[in-house]
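Those protein sequences? They're chains A, B, C and D, same order as listed.
According to the working numbering, the first sequence is numbered sequentially starting from 154.
According to the working numbering, the second sequence is numbered sequentially starting from 154.
According to the working numbering, the third sequence is numbered sequentially starting from 154.
According to the working numbering, the fourth sequence is numbered sequentially starting from 154.
Possibly wrong hints are sitting among the right ones.
Which copy? The list can't say, so a pair holds if one copy fits it or any two copies do.
Claimed, not checked - Derived pair list, reagent style SDA-like, types lysine to any residue, alpha-carbon separation capped at 20 Å:
#1 Lys-239 <-> Thr-501
#2 Lys-557 <-> Val-624
#3 Lys-239 <-> Asp-357
#4 Lys-160 <-> Gly-502
#5 Lys-557 <-> Glu-407
#6 Lys-427 <-> Glu-626
#7 Lys-427 <-> Gly-289
If you are wondering where the hints come from, they were derived from the structure by calculation, not from laboratory data.
4 protein chains.
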Amino acid sequence: MSAHEPKLRRPEAYLAGLRDGREVWYQGERVDDVTTHPELGVAARHGALDFQLAHDPDYADLAVTDGYSTFYALPRSAADLRRRSKLIETSTTHGATLVVLLKEIGTDALFALHRVTHGTDAYERVEAFYRHCRAGDLALAVAQTDVKGDRSLGPSGQSDPDLYVRISERRPDGVVVRGAKVHTSCTPNVDEIIVIPTRALRGDEQDWAVAFAVPVAPQGVKLVCSDYLHGAQDEWVHPISSRHKMVETLTIFEDVFVPWERVFLAGDTERAGKLALTFVEYHRLTAVSYKLPLVDTLVGLAALLAEANGIARASHVRDKLTWLIGYAETVRALTHAACDRARVDEATGIAYPDPLTTNLAKWTFARDYYQAVEHVIDLAGGLLVTGVGGSDWESPELRPYLEKYLAGAVPAAERLPLFNLASELCARAYAGYQGVLAIHAEGSLEAEKLLIYRSYDSAAALELARRLAGVEERE
Amino acid sequence: MSAHEPKLRRPEAYLAGLRDGREVWYQGERVDDVTTHPELGVAARHGALDFQLAHDPDYADLAVTDGYSTFYALPRSAADLRRRSKLIETSTTHGATLVVLLKEIGTDALFALHRVTHGTDAYERVEAFYRHCRAGDLALAVAQTDVKGDRSLGPSGQSDPDLYVRISERRPDGVVVRGAKVHTSCTPNVDEIIVIPTRALRGDEQDWAVAFAVPVAPQGVKLVCSDYLHGAQDEWVHPISSRHKMVETLTIFEDVFVPWERVFLAGDTERAGKLALTFVEYHRLTAVSYKLPLVDTLVGLAALLAEANGIARASHVRDKLTWLIGYAETVRALTHAACDRARVDEATGIAYPDPLTTNLAKWTFARDYYQAVEHVIDLAGGLLVTGVGGSDWESPELRPYLEKYLAGAVPAAERLPLFNLASELCARAYAGYQGVLAIHAEGSLEAEKLLIYRSYDSAAALELARRLAGVEERE
Amino acid sequence: MSAHEPKLRRPEAYLAGLRDGREVWYQGERVDDVTTHPELGVAARHGALDFQLAHDPDYADLAVTDGYSTFYALPRSAADLRRRSKLIETSTTHGATLVVLLKEIGTDALFALHRVTHGTDAYERVEAFYRHCRAGDLALAVAQTDVKGDRSLGPSGQSDPDLYVRISERRPDGVVVRGAKVHTSCTPNVDEIIVIPTRALRGDEQDWAVAFAVPVAPQGVKLVCSDYLHGAQDEWVHPISSRHKMVETLTIFEDVFVPWERVFLAGDTERAGKLALTFVEYHRLTAVSYKLPLVDTLVGLAALLAEANGIARASHVRDKLTWLIGYAETVRALTHAACDRARVDEATGIAYPDPLTTNLAKWTFARDYYQAVEHVIDLAGGLLVTGVGGSDWESPELRPYLEKYLAGAVPAAERLPLFNLASELCARAYAGYQGVLAIHAEGSLEAEKLLIYRSYDSAAALELARRLAGVEERE
Amino acid sequence: MSAHEPKLRRPEAYLAGLRDGREVWYQGERVDDVTTHPELGVAARHGALDFQLAHDPDYADLAVTDGYSTFYALPRSAADLRRRSKLIETSTTHGATLVVLLKEIGTDALFALHRVTHGTDAYERVEAFYRHCRAGDLALAVAQTDVKGDRSLGPSGQSDPDLYVRISERRPDGVVVRGAKVHTSCTPNVDEIIVIPTRALRGDEQDWAVAFAVPVAPQGVKLVCSDYLHGAQDEWVHPISSRHKMVETLTIFEDVFVPWERVFLAGDTERAGKLALTFVEYHRLTAVSYKLPLVDTLVGLAALLAEANGIARASHVRDKLTWLIGYAETVRALTHAACDRARVDEATGIAYPDPLTTNLAKWTFARDYYQAVEHVIDLAGGLLVTGVGGSDWESPELRPYLEKYLAGAVPAAERLPLFNLASELCARAYAGYQGVLAIHAEGSLEAEKLLIYRSYDSAAALELARRLAGVEERE
């Protein structure tokens, strides 16, 4: 092995790297080893999928670029963005509708950091960190959303200045940071955390204009894991969440020291806002890319349920299936269009998806997600929440009754797994997880609408309307 | 005490009555005593609420009529229906958005049985059974939905005749029934099960035209409980479902003998269809009555979340709150109108709610339920699924961080319970339970639309349109 | 005849009263006599419907109260409001979906003036004017909406103070007013104009806090009529608008003198805002009452079109008809509920409809109106805009072809009038008139939402949500 | 000039060609010369736009291909379809939101005829006719929609066999056809009519399986024009329809003889259905291409109205503008994607747009069109239907008042034209024309949904759902 190895780590190497004394809390207890923990371990193994894929000959063309993970390839064209989008879609399909997100989000942030720091000293530090991550085939989390306190106030207006992560001390060798981020995905099972601002800042809010990277393990980084998906061990009724898991943390920085070589922004409020938005440009494309397996599953599942229930020929059923197809394929078409309409940042040569189309794709997905879920529920039936559990099915005393009475137009052994999948996707905790993510993750409905409004180039439409009305443009 | 006591049972008496050797299965195991079982016991205690209310001096006026439970009062007027609706709304409020349903659904069926059997021999048997239940202050389940097999076929077209409950043998002293029903609510903690047909039947499907009542305990009645809401013990994150529970069963009748005095329909296919629909007339009013606390909670919770997050003055937030208010109040106005427009069955003098308005209320509730949920999620934020658990909050090491960082415009100790309630109602398994019930329970969206179409008296609208178009009515 | 006659004028007397030298402009020309003008005369005769109805023995019970027009009866109860609503619905049915509005809107304003001026000197003047109008059986317009200029500014912020009607001079015997109102309905064919403020005012905007009444004829009142519905003479293709018309004016007050006895508000900014809102409370009930024949016609027409086209049994057709029924009947139920939940103003004993329910009814009507129109278009077909005209139908050379080729499941002579009615209601200028009125008349969608938000009593919902979350009310 | 000239006719030559004795009826009268008729002449001049564009140096690159009109270029690739789509969008922009359709629809039919007749004798006749049209730079109408009679019955089930156009006689030199089509656009001002079937046929309905072309003028072709847009001369209030017009006809074939060289289908029922669908594949792309200027105008106009009224910064206004942007840009993105995903017919090498995406684009446009209209109405205000007319504005006595009182945040001279445009697009007859076309032209909502359902390749989604549920594909 050369000094630069590993380029493409094996799953085992990735898992081994997570045993580094990181401070992880789960259900009120400090976790020793996240890879062997009964619940967090599921998340770690889910994360390992990204590494498996890169070593799978069937996917090497897609997942590997120039010997590195394709995720790390700086996009230069529409084709690069389409390929990246395809990779995200593919790895999420392996994740059974759950995004892996070990490198997706981190590289979104790295691309944005390249573009925003270009022309400043920090650019070289970003470059160096990028090469470090790529060479080490590292897994990255991005902590963006501050805890924010009272949303009607900005960072400097809060009763507690730590409600947005901030520089609490500037030292010759680096900065000390303090505060907390929420909704940080995958933190317990990544190598490094990239921290970026969450919003535009006022000119005097320089302490909050901070971006940096730290390994997960150092003193002062506390990860309080959400146990939201706790209790999904039964594989029969939780065909997805018993095997796949993503963990979000409250990520606390308690006076964490960051050396200058990992500080990418420190005081530049204008670039802070720009970084927040530029990251989002990439990250919403990531989002819609990884939503495609989810919406496809809803379409396929709805069709299978209709068939299993014997209602596939009913007119209202076709109408609902058609709506689902239209929904899924509109999101897909907009996602592809966002890539195809790529723009290239002149300074860095890095491509990015068309912001209007990206936000339109994300908004379309999010706005109609619950309608899609409702249609699947409609076609499935009440058994989603009144059905039997895995131990009932395993019981020799009950099984004959279940086989006899829960058959539809197909045998119970085939129909019930469809109900279980639908229950996971549309009713149980995992359904809520996907639903809340649809509405909030990678930007809320309102955030997406705002960017659609702002990204729209209105010149042609205004000119057309003026011409037809016969009025001149006002000075 | 008179010989006829108990008229109004105490909760303890009710619970004692459930220990009768009934055959109840939960998670693959036979349950000995449903009142002491760690999970089913929650449902039993939830059921006891109806008995508590009747003994609560604050509610006696509403809950007690002529010394009996008001639920058993045969409605004679619009005012009676409004009072019944109010009682259902009130008891569900005590059930924390979960209907109690111990007497609601059973009396819905009894009212329907009175009307449909009038003019037949069975009327006296219905009357006698009704007096028996009322005098004993009994709790009743109604098993209506057959397992149905292939939905594109009727009872007689199935590969297995038992896929709709049927008379397998007629004997001089009664009938033997065979088959299974699904979605039977509360069965493990009621006294008697009333069984009625689920759909219109063809003239030659007489074996399936059967209605009867049996105690829960006899030989051959097997209850396989859904464990859908299993695992909700943590009161902090499950403020509702840790304390309130309703259990649905797959209700199997394995050659159960029913004496003639409890048989209300046996072979009359026309009345079978009529009974299915007449029951639904009452039961959908029950449904919309018990949905009111749920929609009110969504409205109130959304407003509290907006305030806790500091976003209450944002324009889009007001818009969403207004939508929620409009939704809740439209359902309420239609529910009240359904009562106010009561009709009275001439033969029996029993009142029933206006079918058009009842179905309109139910459809309006169901059609927009997921939109309401989405709005609450929107106003709450991602913490619904990335938040911390009860043991985190209890941890002395973590609590200071949670209090510091999860405060909003109100302290964390006040904000987090709102999130927990919202998570239960909009994301976790209980949310799915309510959501699937919204779409399917007491009739699907399509069933409600069908009854709106059929119940509408089109004469005036057709006449008006014809007059304005200047065309004559066709012969 | 007594000195107090006429109590109930005959249509002829009403029309005669309109020949008084009023300054009416139509299509750039001064109109001599509005009753004989080829287009405005249609509106005058439409207005006469209200007088006909009062003399029609079939409607006397409804239309006449204590010898006066029922419109003038001050409502004292829910029953009074229901009766008033029924009268408005009935007269609009006679108006073929077009409200008559000769007394509806004026009495809405008179009721509001009674309540708002109670406790001030003006109350007696209101009373006197009310008795004058009732005794004379007068027709009344209400001019409320100011021209408003730049909507982002209030009256005092405009570049021209006249953009809201204002007192330009106070004199010992009265006030001089100046400014203009838009959207004033029926002005050319009423006897008196009541002028009221359009919005809440700041404390220093006293000149704009003015309400008064003037006859239509005096010097300085200029009525510039909209000719929007011009060109609808062909009765075959305009079955409604060739016979029924309402005219809106730009109503200009060019230094009009108003004697004190007709001034109801002059400088009281607080009452100005209250008057604007109180009027709206009544007027939105008027609105939803007169929308009922329109929505009923859409339902009936859709059903007739489906039948005429031979598509009545298609599943999607039933679905659309059901939606239309649900729409119409929800608006009706809410309208009735708004009356039934009447409140009574303590000071004056005058009843008013429940504001929340009234606004909910109006918003429901307005929000879904275009969906209703779209469904009717869907069921009708493209012939709505590609069909033939009345002279084609009259042509002996063409008629045989039209009868042969434009028959559907019914003969062309029956089918085409249905298309013509649908074209008027859903495509031609009259359709646009009804559509724009749906969105804007009697308050916009946003105005209705604002009042729903403000009228809602949130106490119970907040208390319920707090209780379920286990949090205390904040001080 | 070569003998084959004209390749690109001048507008004058086109108009001259329409004076050929064609039998055109308008308002019950036979029309002598459609180019000089006061109303039909507007349509002829609108049609001439396509010829102007081809001679305009600014558009020659787009509008001319190999010396012929680009419309006649057989598409071979995605790029060809994009270029064709762009040309349609461009010419419609010149038509002020009204499609010109002189060559668009005819070439849609010619492309379909090429593909469907390939492998039959008729292919050469199609080829010859295509070269004839292209060389002569002809204008073409397509008559597809039969009058259909009772829609619940097919051609052979009608009481009158002529309710679908049919072969009434087969002769050695050609066929005689009989029947009528509706909704034929532009017929009075084109050179040739292409007639194709409207639906799939049963095997025994051979007489109705007919496709052919005839010049407009021959004996027996009667055109009964719709006068729907009659009465739009005032340029001030009808800025579009006073200058632009499209005319639809009831197109009657009264025993018209068609020589074999113009017969493309005669008895082949299978190809009849295929031709109907293949035409639609192209024609729906044409449709969405020509809708783009319409939706863009709605967006631009809404923004200008908001600015003119001074409400552009209100939150609800931004929300509605954002919705409109999202609507327009989703339709555009799907239209482009339909081209980009072009498929190529192997036999002929002719490209066609992806059917799923094309139908999705069209359905998205149509489904939300009335919502878009409603938003523009909402932002404009009631003046759309209560405003003044052109003669009011011209009146020296009224103008000063209109300028004073109808100003907004911009002068009246600028604001009123915006209202006039909005009134045309959203309220007046032209609005209804566009609205009904949105719902019905080029296929109804239901037709589009049917093709979405049928075009969808469900294999991947079914496979994914099966894999996640753990069930095998059924044999």
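Here is what the structure says about each hint:
1. Lys-239 <-> Thr-501: neither (24 Å within a copy, 33 Å between copies)
2. Lys-557 <-> Val-624: Classified as between; 18 Å across copies, 74 Å inside a copy.
3. Lys-239 <-> Asp-357: neither (42 Å within a copy, 49 Å between copies)
4. Lys-160 <-> Gly-502: For Lys-160 and Gly-502, the Cα distance exceeds 20 Å both inside one copy (24 Å) and across copies (46 Å).
5. Lys-557 <-> Glu-407: between (60 Å within a copy, 12 Å between copies)
6. Lys-427 <-> Glu-626: neither (31 Å within a copy, 41 Å between copies)
7. Lys-427 <-> Gly-289: neither (28 Å within a copy, 58 Å between copies)
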